[in-house]
Amino acid sequence: MSGADFMKLTVWEVRRSLRLMSTRITLMALLAAGLLSIELGQRFWQSQQQEIADLTSQHEAQMKRLSHRYVKGGEAGYWAYSSALPTWQEPHPLATLTWGVRDVTPMVTWVRLLGLEPQLYDAPLGNPKLQALGGFDLAFVLALLAPCALLLLAHDALSRDASRGTLPLIAVQAGGLMLVLAARVLSALLLVLGACVVLGFAAVLWPGSAIRLDLDTLEWFGSVGLHLLFWAVVVAAVASYCRTPAASLAASFGVWVWIVVLLPALINLVISAWFPVPQGLELTVRQRQAMHRAWDEPRQANFDRFLKSQPDWSHPRRVSEDFSWTWYYAMHDLADQSVSDLAESYVTRLRERRLWTERLSWLSPPVRLQLRLSATARTDLESHFLHMTRVRAFHEKMKQHFFPLITAEKTLLPADIVTFPKFTDTAPPASQAPASTPLLILPLALLLLIRPQRLLAS
Amino acid sequence: MVAAFLSHQRQSAERRQQAHFQELVRKQWLEQPDRHPHRVAHYGSFAFKPRSLLASFDPGVEAQVGRIQYLEAHRQNAMNFAEAGGLTAAGRLGELSPSFVAGSLLALIIAVIGHGILAEETELGRLRVLMAQGAGRKTLWWGKIAGLAVAMLPFAILVPMAQGAAILRSPAEAGSADTLFTMNGPLFRGCLLMLGMLLHGLAWVILTVLVSAMVRTRAQAAAIMLCLWLGSTLVLPRAASGLAATMHPLPTRSEFNARLGAELEKLGDSHNPDDPNYARFRDDTLKKYGAASVEELPINYKGLLMAKGEEQTSQVFQAEMGKLEEVMNRQETILAVVAWLSPLLSWQDISMRLCGTDLTSARRFAQQAEEWRYGFIQNLNALQRDHISYAQNSTQRLDKSHWHEFEDFQPVAPGLREVLSGSSPAWLRLGLGCIALALVGSWVVERRLRV
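For the protein sequence lines, the chains are S and H, in the order given. Offset between the first sequence (1-based) and the numbering used here: plus 5. Offset between the second sequence (1-based) and the numbering used here: plus 5.
So here's chain S without its partners, still in its complex pose:
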């Protein structure tokens, strides 16, 4: 059979499949779920954009209140104490389709000059009950439900003829069982990919959508396509072993449940047992202890410890034993230093978790896919870390701005607000996405398992 004949057979299979009610229902259900997820994602993205857009006016309102309070001027220390300055990370357009960890980690942080650590981890407001159920984004639909649609369409590629006894006939007509299987699975794959393409265009053309047909978007959908290719080979492999449609359905669905539901959950349980992330509790307990100890000891002794950590300090080196803002912020800085190892291990532990999730995702390609998609959409852990890094840098900038004013015991006027540091957001680079090698190698290995010939022997 020539290539052209094979294409003809595939096209014929697509047409035949499309005439079936079950195919139509499956594809429509997939499309409906996809469209719903796009709409929900759109709302999710818009509310985040809105939150960021509102920051300016909220900040101005706050500054207006302060100007009112300090209309005749106020100590620099007071101004710094009452000012919270906004920092943020704008969502990438693809965040619409991949929420990643963006709905549970902060991407907007109001920074005060006080100790930074307790300010870093305020997660977005959300109903915990809804969060526990999980989000419904297009990444979920395409990683879990699209393979399922593929199974429903193609699991009986051979078993429907095997159960009727027409398999030998078909095999002879088409010039080999392998070709029949390939054409039928390919036709199902084309149908599901077609649905994905429709959803892709829907996502781009959706009212208010910021998604463009650029490299990121193509990479996103490319990963989805590769993942479906893996599933096509899985279906073909399973189909070549089952003689009845009921058996092929049960077998392929069983594989699906293992790969999509059970393995990811097991991976998750194992990894969180292996790499416990330091608890926020420990951080708070330690920070609080450091800070309140500072109130109990002589101020100069406390301040000297701070000076030790500041080799470049060019401001006065003495503080009064009465309250002074210089001492106050120095103490906050010391409290931050006392937990810096915990803050560091928070990041390294989560990175380790991610690395091991990546390694173990050889067992479950949907996990690999999720990692890739969220990296492309900048909603992965790295983007969360990036935001924290930028907030730290901004806090540093605030210190550089306010410390000289505070140590010099300057009085600030409302007119000085314009000199306060301002945060600028730059689009984050795509983080290193885990390679899609498993999505290529696993199917190649699975190809060896496809043995339709044994279905002919009875």
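What the hints contain is simulated information worked out from the structure, not anything from laboratory work. Fair warning: this is a prediction, and the values are worked out from it, not measured in the lab. Ideal placement from N, C-alpha and C gives every residue a C-beta, glycine not left out. None of the hints are false.
So the derived label-pair ranges between C-beta atoms look like this:
no. : chain 1 : residue 1 : chain 2 : residue 2 : range
1   : S       : E349      : H       : A267      : 34 to 40 angstroms
2   : S       : Q124      : H       : R31       : 24 to 30 angstroms
3   : S       : L453      : H       : G130      : 39 to 45 angstroms
4   : H       : G327      : S       : R310      : 40 to 46 angstroms
5   : S       : I446      : H       : A267      : 54 to 60 angstroms
6   : S       : R310      : H       : A267      : 35 to 41 angstroms
7   : S       : E80       : H       : A267      : 20 to 26 angstroms
8   : S       : K13       : H       : K143      : 50 to 56 angstroms
Model the placement of chain H on the given structure of chain S, informed by the hints.
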């Protein structure tokens, strides 16, 4: 079973860690040197939600909400310090709590073993034989349900049994016999869990037999059952969560904090005895004591003012938190509607509540912690009022012997009666669902079962 074991391991580790921190915090509290009471109010305290024994069966929303609350002056912190549970990519694909496994896999097992129960008879023509032997359609319907129900029993009991075994294996944590065997104890709750599990399973049994009766081939029955399973366990709960969040959106954290900040600003600063917002309060106080200035008062006015300020900020926080809760309640009504189509949601509701890890018990805990916090801070303000002089307010310290007067916070978890009344809608949904499906099925079988 693996899930039950791993989950129990993790929970025990967390429980030990929590106990460790609880002791540490108490020790640190008692070891405080002489301090100004208001300093101590900022030092604050922690509220620990005790982990229920059954939490390893269903961690519920605790992964999201956390179990620990930092209690300090002037503000009501949300429960925080949640374990960063959602922070792995795999995690977003679903926590494998034993409760989820038990619920969703039981449904799948029933669908897999039961889809052919009538379809196969039809497909192979055995139905006619059965009828000829005198089996009525009704008998067939109820008989098949009973048969499948018995077949699913071992699966339904398996996971709770494994969990029970895991709990009983560590007797130190299981507690003494008298707490174990009370009506409110984990064993009785475990029995109720099993009952809920069976009811949930029964709903799937009836559904499976019904689908099996309505189609002609096993393959059709299997395809429909799998789609139903997929829809009601994986798609609907998540879609409902997304819909609820969009239909009744919560304010963003910035929005919430801005509003809260504006409200608090209106109250004025209770650290400042000359704050104009508290001028009226000062005048009233002076009048009450018949004094001309705050310096002449027999008590420390700063402590009194602090107490007044605490009273007002606490009210503002309560009001704002109440608004949030209202939105969340509206979101939950959407979940309750969808739960009619997804038995798993009802099962999860039942199981979370029985395990004491549901949102209601989290809120109850937060409320109690807030009441305790309020009393705790006001006690400290009273100490400031009575033991610290107004003139030496910034330098004077309170003797450390006072720290022993403070007891730790002891939360009271909702009792069984409350748990059951809270989950009664879920029980009702499952029960009514079963009855309705069974009656509809019996009617359909009478008319449609083709021989």
